[in-house]
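Participant: Each protein sequence line maps, in turn, to chains A and B.
For the first sequence, the UniProt record's numbering begins at 1 and goes up steadily by one.
For the second sequence, the UniProt record's numbering begins at 1 and goes up steadily by one.
Errors might be hidden in some of the hints.
[Stated by the list, open to error] If you want the footprint, here are the derived chain B segments under chain A, 3+ residues with CB under 8 Å:
1) 71-81
2) 93-101
3) 174-183
4) 219-228
5) 378-389
6) 394-400
7) 428-438
Because the hints were derived from the structure by calculation, they are not lab data.
Every value quoted in this text rests on a predicted model; they were computed, and no experiment measured them.
Note that CB positions come from ideal geometry on N, CA and C, so glycine has one too.
The residues making up each chain are set out below.
Protein chains: 2
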Amino acid sequence: MKRILNTETIKYLGEKVKVCGWVNTRRDHGGIIFLDLRDRTGLLQVVCSPELVKDIKEEFVLEIEGTIQKRPLKMKNEEIKTGEIELKAEKVKILAQAAVLPFDYLSKTADLKLPTFLDYRPLMIRDPKIKAIFKVGEISTNSFKNTLRNLDFTEFQSPSIVPAVAEGGAEVFHINYYKYDAFLAQSPQLYKQIMIGAFERVFTVAHVFRAEPSVTTRHLAEYISLDAEVAFIESWEELMDICEIIMKNVFSDLKKNCSQELALYQAAVPTLTVKIPRLKMREAQKIIFERTGQDHRKEPDLTPEDEKEICQFAKEKYGSELIFITHYPIKKRPFYTLADPEDQEFTLSFDLLYQGLEIATGGQRIHQYETLVKNIKKWGNKPKDFAFYLQAFEYGLPPEGGFAFGLERIVKQVLGLKNIREATPFSRDMERIDQRLSLKKKHGKKP
Amino acid sequence: MKRILNTETIKYLGEKVKVCGWVNTRRDHGGIIFLDLRDRTGLLQVVCSPELVKDIKEEFVLEIEGTIQKRPLKMKNEEIKTGEIELKAEKVKILAQAAVLPFDYLSKTADLKLPTFLDYRPLMIRDPKIKAIFKVGEISTNSFKNTLRNLDFTEFQSPSIVPAVAEGGAEVFHINYYKYDAFLAQSPQLYKQIMIGAFERVFTVAHVFRAEPSVTTRHLAEYISLDAEVAFIESWEELMDICEIIMKNVFSDLKKNCSQELALYQAAVPTLTVKIPRLKMREAQKIIFERTGQDHRKEPDLTPEDEKEICQFAKEKYGSELIFITHYPIKKRPFYTLADPEDQEFTLSFDLLYQGLEIATGGQRIHQYETLVKNIKKWGNKPKDFAFYLQAFEYGLPPEGGFAFGLERIVKQVLGLKNIREATPFSRDMERIDQRLSLKKKHGKKP
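Work out the full structure: start from the sequences and follow the hints.
Facilitator: Structural data, given as structure tokens:
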């Protein structure tokens, strides 16, 4: 007999079926045992005689044959798709046993601390509420891709191993590459710029790496960057227009495909009916000063608190959960960022904030070879280390710009997660690669 | 005026338009200059008076306004989409200049050696014949994803930074991870196995890393692995069935979407009308011995020459460009591979060969916790280093298996490329990260 999925059983009333899954819960009611069997589609109640399921505990993996029958009226469960039926088990085969659970992981997740969540990740990801996080990530990524494909972008794969540091030297991981030094890419920036020479419009879903020297709720050492680059822009504001379309589609795709997942977090995604407001950083600082008395008007960047405050302002004034902050100072941006021709101290750059957190960053790039060489030197780098990249400009690249979204940040904000470590299945940070690093021997020490 | 794309101009006969692109070629015909302007859609002939395009050379980036007119009859070019029209330029704006080209890169690519191709990658990728390679890669990747999505698989992102070595110790890159040792993932194997505990069927497009100690035409230090894992299989042969569907769709999607690209390489993709033959490794060796006299019947693996020979056999005997070779010896496979219950010396594993090259590998895994722990020890590893992975099995994982395709190998074989370095935009190998490594200082040495 061919296995069918749990939610398919409702079409087999009175018929024999075979199902497979994990024991979600086991309830002993005198002479009858009730199992909730979990598969990738959801739960199915299974009624068994005690001898059929002797020694079977939570998370055992079973193959069960039996007959689908109507549940007694008072046993109906409207919260699950199979709530009107149940499987009367006739044959139970154990496909895999499971150790006794370390805690009642399905019903008590809310009480667990984050480190426990992460220590028990391989088990915890089975919790529908945790699974929901990754579904939201998958749908958001696909939405990003589909939007850009519809706008005639080409996808490419950007390398993770790079020969030089593009974004700044401190927060980079070193690799021993044969006998040479190499680094993990901090972004696909240089490669997406090269690729527009062939395709004009490109995007990539890239793993990027930052050796963040501190533990925050907003940073990961390895994260997913949704990156795009656009040639032949006439104004850098076109980049924000594209970002706006992307987020509009992400939200509507989540609404369409993740209603159950969003409900588990009581999360509502905004409908982008109004245009996302655009505000210069200096203007934002002025507004924050007027609203809070905090004077950051000479600071080169917004603080995390500033970002929260200006989002609050955008919500109150424009009814928008998102806001673009533009014109960051030239000193706070990488060497390839184009200066504002009207005020060379600032750049044609932007961040997109969502509920108090930066979820994307972008801007117009320098596309003139000589200016770029000059800037590489000004930023303390050697043009010869960027010879490969510079080649693209030496042989002519048009005016262009791009942006990058942090996938885990979108997921975190959409679901209202407290810590970005929750937004990725396998968090890499200062404290952890799967297991806690404190359990590992340190570099250079013998075990 | 809004820019339109080159291939859109055919709808604007007699009208004013604005186009943008690179100067592909420049031909001086006495008092008239002909430019071929290249954008992402193709070429457009532009007729200019000499003073409009003074000093303009190949690869300059231009914005041109003018009027679309019919070409004189004898000037028609049936090989391009805009072959019946041309743009009479009225205004030419230089968006970017270009240095004098190092060689006539568009017409002489066939004469260049591979190292030159790679040294000039940022320029060379503009050649339609090189661009075609990446388009084939993109379409193949999307085809893989769409096939699996239709089979109810969930996509996830597998981490690149890992704490332990899963596939074997020698060919791995070390990272300095804060104060600890870490590695670049050789495959997403352990993570896709963990993920099936939540989703049953998962896939991932992963960058994976092998510190190959030698330079071959088949290996890259960083490559794209199209990975999938399937829970609740009843037979390991189901995995080959899925691989067969994937390749069938890859070929038909390439035929549908890449006819121009394939034509540039005189490449024809096979139509999988027959079932891909499946042959045990020992049987293959016997057949090779009978055909060639080469006796490899006691070797633990097929040699590259064996793979070519057995593909030739499959083509002659079954009319199939592809063949599955199964039952590799247990010693040649990683610790998680399931032994054949009928002959414990061999495994329930397979390689998929295409025109003489392995393009995929897969098999059923050990899903019983105790067997897995035993095998980890047998392979000389410590179970404690795999505690995180083992957790998934400790709490019950069903019978399962999976497979991985090497994207660049598919691309190489489809287009008949000589070297796999051609199949990726930015090759990482023993000799190169963008620039040749021989130009770089060695590890530990001061510049």
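Participant: Take the region 428-438 of chain B, compare each residue's beta carbon with every beta carbon of chain A, and decide whether three or more fall closer than 8 Å.
Facilitator: Contact hint for the region 428-438 of chain B vs chain A: holds, 6 residues under 8 Å.
Participant: Are there three or more residues in the region 378-389 of chain B whose C-beta lies closer than 8 Å to some C-beta of chain A?
Facilitator: That given contact holds, which follows from 3 residues of the region 378-389 of chain B lying within Cβ reach (below 8 Å) of chain A.
Participant: Verify this for me: three or more residues of the region 219-228 of chain B with a beta carbon less than 8 Å from a beta carbon of chain A.
Facilitator: holds (count 3)
Participant: Are there three or more residues in the region 93-101 of chain B whose C-beta lies within less than 8 Å of some C-beta in chain A?
Facilitator: Answer holds; 6 residues pass the 8 Å Cβ test.
Participant: Would you say the region 174-183 of chain B counts as covered by chain A, given the rule of at least 3 residues with C-beta under 8 Å?
Facilitator: holds (count 9)
Participant: Given that the region 71-81 of chain B was listed as covered by chain A, double-check it with a C-beta distance under 8 Å for 3 or more residues.
Facilitator: violated (count 0)
Participant: Counting residues of the region 394-400 of chain B with a beta carbon closer than 8 Å to any beta carbon of chain A, are there 3 or more?
Facilitator: Holds, because 6 residues of the region 394-400 of chain B bring their Cβ atoms closer than 8 Å to Cβ atoms of chain A.
In the structure shown, a violation is registered for the earlier hint numbered 1 alone.
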